[in-house]
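> Listed below, chain by chain, are the residues.
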Amino acid sequence: MNDTATEIRSVIVEREIAFPPERIWRALTQPHLIQEWLMKNDFKPVRDHSFKLTAEWGSVDCRVLEIEPNRTLAYTWDAYGLESTVTWTLTPVKSGTHLRMEQAGFRPDQEQAYQGAKFGWQRFFENLEQVLARAD
Amino acid sequence: MSNAQDALFRALSDPTRRGIFERLCRQGEKTVGALTTHAGVSQPVVSKHLAVLKNAGLVRDRHEGRQTHYSAEIRALAPLADWTTEMAGFWESRFDALEDLLKRMDQ
Chain A
4 MNDTATEIRS
14 VIVEREIAFP
24 PERIWRALTQ
34 PHLIQEWLMK
44 NDFKPVRDHS
54 FKLTAEWGSV
64 DCRVLEIEPN
74 RTLAYTWDAY
84 GLESTVTWTL
94 TPVKSGTHLR
104 MEQAGFRPDQ
114 EQAYQGAKFG
124 WQRFFENLEQ
134 VLARAD
Chain B
9 MSNAQDALFR
19 ALSDPTRRGI
29 FERLCRQGEK
39 TVGALTTHAG
49 VSQPVVSKHL
59 AVLKNAGLVR
69 DRHEGRQTHY
79 SAEIRALAPL
89 ADWTTEMAGF
99 WESRFDALED
109 LLKRMDQ
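Protein sequences, first through last, are from chains A and B.
Residues in the first sequence are numbered from 4 upward in steps of one, following the numbering used here.
Residues in the second sequence are numbered from 9 upward in steps of one, following the numbering used here.
Just so you know, these hints were derived from the structure itself, not from any lab.
As the structure is a prediction and not an experimental result, all values here were calculated from the model.
Quick reminder that beta carbons are idealized off the backbone N, C-alpha and C, glycines included.
A few of these clues could be false.
Unchecked claim - Result set (DSS-like, lysine-lysine): computed pairs, CA atoms no more than 25 Å apart in a straight line: (1) B/K38 <-> B/K56; (2) B/K111 <-> A/K97; (3) B/K111 <-> A/K43; (4) A/K55 <-> A/K43; (5) B/K111 <-> A/K47; (6) B/K62 <-> B/K38.
Stated by the list, open to error - One-sided and incomplete, this derived list gives chain B residues near chain A with beta-carbon spacing under 10 Å: (7) T24; (8) W91; (9) T93; (10) A96; (11) W99; (12) F103; (13) L109; (14) L110.
Build out the structure end to end from the sequences listed, making use of the hints.
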């Protein structure tokens with residue numbers, strides 16, 4: 004991996020949620036529940052299990068890295084040139100649970116960074132990919 | 009979201025405007041007249057769209073005699089290429105959906 008072409012960055016989202024960790028854990032690890040808030044999936048709560056998250060815009064390749072019931076769940080998240088790791092951390096607090104999600108990763112190069120523009124905003128920019136492909 | 013991104017998203021949210029921008033990306037520099045031929049709207053409307061695109065940094069203009077030539081500024085899309093921006097919005101909305109689900113779940 005060429006250091007000058009890569010840059011590791013991360014996204015962190017944290018929330019206090021008024022439910023105990025056990026309940027959140029079920030939503031994070033049971034496929035029919037994951038489907039309700041994230042995407043269709045073939046998740047299994049087993050370390051090294053490879054699974055896919057699928058949506059109408061495409062799919063995300065994942066593999067379970069770390070699993071500690073009611074506390075930590077980490078998996079890889081590879082999609083559209085983005086190679087990343089998603090880590091969930093559940094900490095019990097008085098009001099329920101402090102839930103933290105950190106996604107850390109990189110894109111190998113600028114061209115794939117442009118692919119990223121279509122990832123989150125696909126409906127917004129229906130033809131952006133084609134435009135960018137032709138624009139170079 | 010920063011003001012610059014806000015302007016970008018707003019500029020590209022309109023299909024006619026997006027069409028004009030895409031055309032400039034694909035076919036290079038064009039005059040307002042040339043753009044109007046394919047835009048399906050009147051020349052003043054195309055000019056208005058171009059002003060919005062220019063304001064967002066998506067097009068630049070070049071004056072030559074009485075004609076103004078417009079071209080696409082692809083680099084203006086760079087802020088959209090920052091994956092953390094897209095993913096932050098994605099995860100915020102997923103957190104909302106998760107909280108919704110938690111309320112509905114059986115004990």
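> Look at each hint and say if it fits the structure.
Do the hints match the structure? See the list:
For the hint pairing B/K38 with B/K56, the CA-to-CA distance comes to about 15 Å; that is within 25 Å, so the pair holds. A threshold of 25 Å between alpha carbons decides the hint, and for B/K111 with A/K97 the separation of about 18 Å falls inside it, so the pair holds. At roughly 20 Å between alpha-carbon atoms, B/K111 and A/K43 fall within 25 Å of each other, so this suggested pair holds. As the CA atoms of A/K55 and A/K43 are separated by approximately 8 Å, the hinted pair is consistent with the 25 Å bound.
Of the pairs offered as hints, the one joining B/K111 and A/K47 holds, with about 23 Å between alpha carbons and a cut-off of 25 Å not exceeded. Proposed proximity of B/K62 and B/K38 is supported: the alpha carbons are some 14 Å apart, at most 25 Å. Because the smallest distance between the Cβ of B/T24 and any Cβ of chain A comes to about 13 Å, over 10 Å, the interface hint for this residue is violated. At about 4 Å, the closest approach between the beta carbon of B/W91 and any beta carbon in chain A falls short of 10 Å, and the interface hint on this residue holds.
With a least beta-carbon distance of about 8 Å to chain A, the hint placing B/T93 at the interface is held under the 10 Å criterion. The beta carbon of B/A96 comes within 5 Å of a beta carbon in chain A, closer than 10 Å, and the hint placing it at the interface holds. Interface hint at B/W99: satisfied, since its Cβ lies 4 Å from the closest Cβ of chain A, which is below the 10 Å cut-off. Below 10 Å, beta-carbon pairs count as interface contacts, and B/F103 has one with chain A at about 6 Å; its hint therefore holds.
Among the interface hints, the one on B/L109 holds; its C-beta lies about 5 Å from the nearest C-beta in chain A, closer than the 10 Å criterion. The beta carbon of B/L110 is positioned within 10 Å of a beta carbon in chain A (closest approach about 5 Å), and the interface hint is therefore held.
When each numbered hint is compared with the structure, a violation occurs for hint 7 only.
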